[in-house]
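**Student:** We have chain A already, so just place chain B on it with the hints.
Chains as they are written, first to last, in my numbering: chain A, 1 to 86; chain B, 1 to 574.
Watch out, some of these pointers could steer you wrong.
[Stated by the list, open to error] Simulated crosslink set (BS3-like; lysine-lysine; CA at most 27 Å straight-line):
| hint | chain 1 | residue 1 | chain 2 | residue 2 |
| --- | --- | --- | --- | --- |
| 1 | B | LYS365 | B | LYS377 |
| 2 | A | LYS69 | B | LYS237 |
| 3 | B | LYS190 | B | LYS127 |
| 4 | B | LYS460 | B | LYS365 |
| 5 | B | LYS491 | B | LYS356 |
| 6 | B | LYS198 | B | LYS50 |
| 7 | B | LYS50 | A | LYS28 |
| 8 | A | LYS79 | B | LYS460 |
| 9 | B | LYS348 | B | LYS460 |
| 10 | B | LYS365 | B | LYS395 |
| 11 | B | LYS237 | B | LYS491 |
| 12 | A | LYS28 | B | LYS198 |
What the hints contain is simulated information worked out from the structure, not anything from laboratory work.
Nothing here was measured: the structure is a model prediction, and the numbers come from that model.
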Amino acid sequence: MLRVNLFLIFLVVVCALAVVTSNHRARKLTMELERTQERMRALEVEWGQLQLEQSTWATHARIEESARKALRMHAPDPKHTISLEP
Amino acid sequence: MNYVKSPVLDPRLPAGRARLVHALLALGAVALLIRAFYLQAVEKDFLIGKGEARYERVIEIPATRGRILDRHGEVLAVSTPVKSVWAIPEDARLTPAQQRQLARLIELDERELARRLASERDFVYLKRQISPELAERVAQLQLPGIHLANEYRRYYPAGEVTAHVLGFTGADDIGLEGIELAFQSQLAGKAGSRRVIKDRRGRIVEDVESLRPPQDGRDIVLALDTRIQYLAYARLKEAVSEHRARAGAIVVLDAKTGEVLALAGIPSFNPNKRSELAGAPLRNRAITDTYEPGSTFKPFTVALALEEGRVRFDTPIQTAPGRLSIGPATISDAHPHGLLSVAQVIQKSSNVGAAKIALDLPAEKMWAMFAALGFGKPVGIGFPGEATGRLRPWKRWRPIEQATMAYGHGISVSLLQLARAYQVFARDGDYLPLSLTRIEGTPPAGARVFSPDTAREMRKMLEMAVEAGGTAPRAQVAGYRVAGKTGTAHKLEGGAYANKYVSSFVGFAPASDPRLIVAVMIDEPSAGRYYGGEVAAPVFSQVMAQALRLYGVPPDAPAAPLKQAAMQSAREGA
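This is chain A alone, in the form it adopts within the complex (with noise of 0.2 Å):
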């Protein structure tokens, strides 16, 4: 009978660290989770000023502005078109 209960305690033991040990695990990796989801927010909040930055750059005033004067680009008159049947 002693054997029986010593073996049981043992066991309980046993079954106690496991969960802290587990549990302690768990929260790192919510921690971790955490951080890694703060990061995809700021690559997300990135992203979107990357988008707006891009835009703003593409702006065709911008893009005009700079084919016509820094290009010396004008748009071709029907003269110089040729224009294919598919």
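**Tutor:** Frame of chain A; chain B shown alone:
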């Protein structure tokens, strides 16, 4: 054996004392049990709550407002997080040096800052919506009582080019105008919240439950094409300043689907600058303003006469001597003509001719046609403040009114209504409901107003108006057949027609299979010229030419010798 008679060493206690101790111990035990019961059963919820409050936190999960995209997915409006600086005035005891530093950093007048910090309230905003980088520097000052709050700010990369369509949002990211208001419920996100356990250092160690999942706002994909929108805006702006006009508006429609590809107005405003958000520039002149359309209205009257069989393409109409008296009023032509065919009435834009055709039509039929074309009713695209225009009931029309309505006076419309109605000529007699958002799949069915034959004949007449001898040769687009109609309307001022004009042009191309409809309206050109053919038609031509090229629409009037020249120059270039 002689024991010392000491009571301490006496193994037997007096019976009374033993009982007393027993009783006390029992009492203590009972007290503990009661207390335990009280804590475990009676006060349980309260205590659990208190305990959880020590380590559990409910945190808000912010949701972002949806973006607004153009038909090709280009971003037109996007929310990005910013910070707002706020203070608890009572806690904010700053040294003068700190105050100066803060004022400089957030670009606030020092006296204004001092005034706000002296406020009686518990919460004052010092500066709203600053960039995250600037906020970082404010945080580094570590000033007492000064805090940062997360907020969102809306940015419009295209600025004033798309301002009238998109509208803008208020400081709290709620739509106040335009698309932002019209689609508020879809764009708005719903913030969520969740319960977590935080440790001593404020790190989240356990997710308890999600109370409300956050719901990000939906993206709205507009029918707008940024390239055409920019073209339309830029060319309109040039024309408005060249002709020293008060205002202008332009609408570009896809004749195949009813989508609004561009819609712009001048004067515009920059939605990124909050200080500019007031006054007349905010008005969307294409949708919320009405004007008397003038001669751009003639084709409808003529189409009805064709449809009713009252006239044919070449029926002669006597317009000499360029005047027509109806009761006490006189209708006159800007340039007297003579004997014109019905087609020439459109080509030369004769008021007298149009009036004569109209007087031959029953008022009820005319009214029914205008109503069927959607005049006098909102356009129904869900835009805030859509103008209905004025279309009076036919029973109260006098003959002179019926005659003036034939050439677009005594009736008012918005530019968008007019552009939509022109679909009946660009398409084969029907028009589609307009859409501000991109249409996926097949467009909805149209409403038929005229027969395909009438529409085809009208297209021919409208093409003549743009040819040499018409009112708008300047609307021509090289390489394409174009059809359209000019309008030069006197403006009503205080009940009388003043010497101020609204110049307009509505047309479509390519005439063989219309793809795009462009409507231009320029209000009060005051640099000498005011005819629609001189003021509005060139804008139409420029926008149409570039839009057709962008869409790769095959030219339907290619000039054969030019093609050879093109080949030659291509060879020379090589």
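**Student:** Take the hints in turn and mark each one as holding or not.
**Tutor:** Here is how each hint holds up against the structure:
For the suggested pair LYS365 (chain B) and LYS377 (chain B), the alpha carbons sit about 17 Å apart, so the restraint of at most 27 Å is met. Of the pairs offered as hints, the one joining LYS69 (chain A) and LYS237 (chain B) holds, with about 19 Å between alpha carbons and a cut-off of 27 Å not exceeded. This hinted pair checks out: LYS190 (chain B) and LYS127 (chain B) have alpha carbons roughly 25 Å apart, not beyond 27 Å. A distance of roughly 24 Å separates the Cα atoms of LYS460 (chain B) and LYS365 (chain B); the hinted pair therefore holds under the 27 Å criterion.
Distance restraint check for LYS491 (chain B) and LYS356 (chain B): the Cα-Cα separation of roughly 23 Å lies within the 27 Å cut-off, and the hinted pair is therefore satisfied. Straight-line distance between C-alpha atoms of LYS198 (chain B) and LYS50 (chain B) comes to about 15 Å, which keeps the hinted pair within the 27 Å bound. At most 27 Å may separate the alpha-carbon atoms for a hinted pair to count; LYS50 (chain B) and LYS28 (chain A) meet this at roughly 25 Å. Pair hint LYS79 (chain A) plus LYS460 (chain B) holds up; C-alpha atoms about 26 Å apart against a cutoff of 27 Å.
Distance check on the hinted pair: LYS348 (chain B) and LYS460 (chain B) sit about 14 Å apart at the alpha-carbon level, within 27 Å; holds. Only pairs whose Cα atoms come within 27 Å are accepted, and LYS365 (chain B) paired with LYS395 (chain B) is accepted, the gap being roughly 11 Å. Of the supplied pair hints, the one linking LYS237 (chain B) and LYS491 (chain B) holds, its CA atoms being roughly 21 Å apart against a limit of 27 Å. Taking the CA atoms of LYS28 (chain A) and LYS198 (chain B), the gap is about 12 Å. The hint holds against a cut of 27 Å.
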